[in-house]
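As given, the protein sequences belong to chains A and B, one line each in that order.
Every letter in the first sequence is one number past the one before it in the working numbering, and letter 10, counting from 1, is 10.
Every letter in the second sequence is one number past the one before it in the working numbering, and letter 90, counting from 1, is 90.
Simulated from the structure, these hints should not be mistaken for lab results.
No experiment lies behind these values; they were computed from the predicted model shown.
Keep in mind that the hints are not guaranteed to be accurate.
With a Cα cut of at most 27 angstroms, we get these calculated DSS-like pairs of lysine-lysine [unchecked claim]: (1) K57(B) / K57(A); (2) K37(B) / K57(B); (3) K37(B) / K3(A).
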Amino acid sequence: DVKVTQSSRYLVKRTGEKVFLECVQDMDHENMFWYRQDPGLGLRLIYFSYDVKMKEKGDIPEGYSVSREKKERFSLILESASTNQTSMYLCASRRQGTRGEQYFGPGTRLTVT
Amino acid sequence: GENVEQHPSTLSVQEGDSAVIKCTYSDSASNYFPWYKQELGKRPQLIIDIRSNVGEKKDQRIAVTLNKTAKHFSLHITETQPEDSAVYFCAASEGTGTASKLTFGTGTRLQVTL
Numbered sequence: 001d002v003k004v005t006q007s008s009r010y011l012v013k014r015t016g017e018k019v020f021l022e023c024v025q026d027m028d029h030e031n032m033f034w035y036r037q038d039p040g041l042g043l044r045l046i047y048f049s050y051d052v053k054m055k056e057k058g059d060i061p062e063g064y065s066v067s068r069e070k071k072e073r074f075s076l077i078l079e080s081a082s083t084n085q086t087s088m089y090l091c092a093s094r095r096q097g098t099r100g101e102q103y104f105g106p107g108t109r110l111t112v113t
Numbered sequence: 001g002e003n004v005e006q007h008p009s010t011l012s013v014q015e016g017d018s019a020v021i022k023c024t025y026s027d028s029a030s031n032y033f034p035w036y037k038q039e040l041g042k043r044p045q046l047i048i049d050i051r052s053n054v055g056e057k058k059d060q061r062i063a064v065t066l067n068k069t070a071k072h073f074s075l076h077i078t079e080t081q082p083e084d085s086a087v088y089f090c091a092a093s094e095g096t097g098t099a100s101k102l103t104f105g106t107g108t109r110l111q112v113t114l
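Just chain A, with the same shape it has in the complex (with noise of 0.2 angstroms):
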């Protein structure tokens, strides 16, 4: 079974803090990718990282960098929080070359007052 865990449930941060989410699965898989979720506003993809040290910009990088040191980890970085930045973080992972099903996690919810 497929488990993919994301370092905090409920995170608050004031504005210009710099914030790590962090995101872990164990099933070995290559990609991995964070989206931020806003009502209205669906499923929204932020950087994903298609192995190791690699790393692609999805739809709403502004704001945000990641780090993929081992196949297994995968960080949000919030350089300097912003309100605008409040939001629902979602992390999934998926076997490279399948374009099939993205495990996700359970999300972090980050504040940011």
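Chain A is already provided as a structure; the job is to place chain B on it using the hints.
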């Protein structure tokens, strides 16, 4: 890039009735169309998908249809039950192989009433 539009944004049906959710996509190169279900407070999970070489796919009470010419695809749920209440997201896949990614629609909140 790909753009996926989804309608309606909310849908209320009585238990036992059918529900239909429609999506359109813009990139004619897209060839993979999954549907995800997200129950309240839970993570999205894949419920059914279709590839562009197939026009229809069924799995028990759910079915998906694809019209490549018109660039739209639909989710059909028959004999709805209270546990079908959730937010449903359609998606389309662009890119090839390694760098393929999904573009999601904005979601449909389905409520099945007793």
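Hints, verified against the model:
1. The suggested pairing of K57(B) with K57(A) is violated, with an alpha-carbon distance near 32 angstroms, which exceeds 27 angstroms.
2. A C-alpha spacing of about 17 angstroms is found between K37(B) and K57(B), which places the hinted pair at or below 27 angstroms, so the restraint holds.
3. Distance check on the hinted pair: K37(B) and K3(A) sit about 18 angstroms apart at the alpha-carbon level, within 27 angstroms; holds.
Consistency with the previously given hints fails for number 1 only.
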